[in-house]
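J.: Please take these sequences and the hints and turn them into a complete structure.
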Amino acid sequence: MHWQLPRSIAGSHQLAPLLTKGHTVKMYNSPSGSNPKKVRMYCAEKGIDLELAHVSFGKEEHRSDNFKSTINSLARLPVLELDDGTMIAESVAICRYLEELHPEPPLFGNTPLERAQVEMWSRRMEMEVTVNISNILRHTSPFFATTVVQVPEFADASRKTALQRFEWLNDELGDKTYLLGDRLTFADINGYAGFVMMSQVELEFDPKLTNLIRWYDNLASRPSAEA
Numbered sequence: 481m482h483w484q485l486p487r488s489i490a491g492s493h494q495l496a497p498l499l500t501k502g503h504t505v506k507m508y509n510s511p512s513g514s515n516p517k518k519v520r521m522y523c524a525e526k527g528i529d530l531e532l533a534h535v536s537f538g539k540e541e542h543r544s545d546n547f548k549s550t551i552n553s554l555a556r557l558p559v560l561e562l563d564d565g566t567m568i569a570e571s572v573a574i575c576r577y578l579e580e581l582h583p584e585p586p587l588f589g590n591t592p593l594e595r596a597q598v599e600m601w602s603r604r605m606e607m608e609v610t611v612n613i614s615n616i617l618r619h620t621s622p623f624f625a626t627t628v629v630q631v632p633e634f635a636d637a638s639r640k641t642a643l644q645r646f647e648w649l650n651d652e653l654g655d656k657t658y659l660l661g662d663r664l665t666f667a668d669i670n671g672y673a674g675f676v677m678m679s680q681v682e683l684e685f686d687p688k689l690t691n692l693i694r695w696y697d698n699l700a701s702r703p704s705a706e707a
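Here my numbering runs 480 ahead of the position in the sequence shown, where the first position is 1.
Source of the hints: derived by calculation from the structure; they are not laboratory data.
All residues carry an ideal CB built from backbone N, CA and C; glycine is no exception.
Please note: incorrect hints may appear among the correct ones.
Claimed, not checked - Cross-link-like lysine-lysine pairs, in silico, DSBU-like; alpha carbons within 35 Å at most: (1) Lys-688 with Lys-640; (2) Lys-688 with Lys-656; (3) Lys-656 with Lys-640; (4) Lys-656 with Lys-539; (5) Lys-506 with Lys-548; (6) Lys-506 with Lys-539.
What the hints assert, rightly or not - Have a look at the derived ranges for each label pair, beta carbon to beta carbon: (7) Pro-511 with Phe-624: 16 to 24 Å; (8) Ala-596 with Trp-648: 18 to 26 Å; (9) Glu-684 with Met-607: 17 to 25 Å; (10) Ser-549 with Ser-701: 35 to 43 Å; (11) Thr-550 with Ala-637: 24 to 32 Å; (12) Gln-644 with Thr-566: 25 to 33 Å; (13) Glu-633 with Arg-702: 33 to 41 Å.
T.: Below, the structure written as structure tokens:
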């Protein structure tokens, strides 16, 4: 099977090509997944030109024997392929690898304290907030029916928890522009990409959550959100 290479991540600004020897060749990607979006948005913010190989979720190409045997045995996206054949899976691991190659502008923090804070908020967004949206989708969508033992009651409970966490996050944000203040970090990207699944599970922000809505709209207005 040959994966399509339709485009690279591009924008109006000058992009920095990745070093090729021992470094990146391409990323296996799907435009509909929240995890690939994290990497695309991160690269757009960093000005990294990353070649994308399109893998169709609709055709279940990621579940094919070829994909699982040569790219990712867990049948998940994204996956970064290096020119020596090394595969790096998991969106956060990919972004950390790219941060080492392209440290400016820093999106994982400059100091030990900043890096710890980015990690703290990144994990909070995944483990306390957006995981609930993912659980609703995984336990209700026919797409996951063959790979997950779906429990409708768990989806209902996750919906209630998601709404509670939205209120918590709204309070934590206060009047801040981003999670760590006035500067965008990977934690914001990580959270925003998870929220894009909301439309798939008919979940919305309560209009009273003005801090959360302001934060979300600010992320959505950035050019990188279109990546």
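J.: Checked against the structure, which of the hints given earlier come out wrong?
T.: Hints 4, 11 and 12 are the ones this structure does not satisfy, whereas the remaining hints hold.
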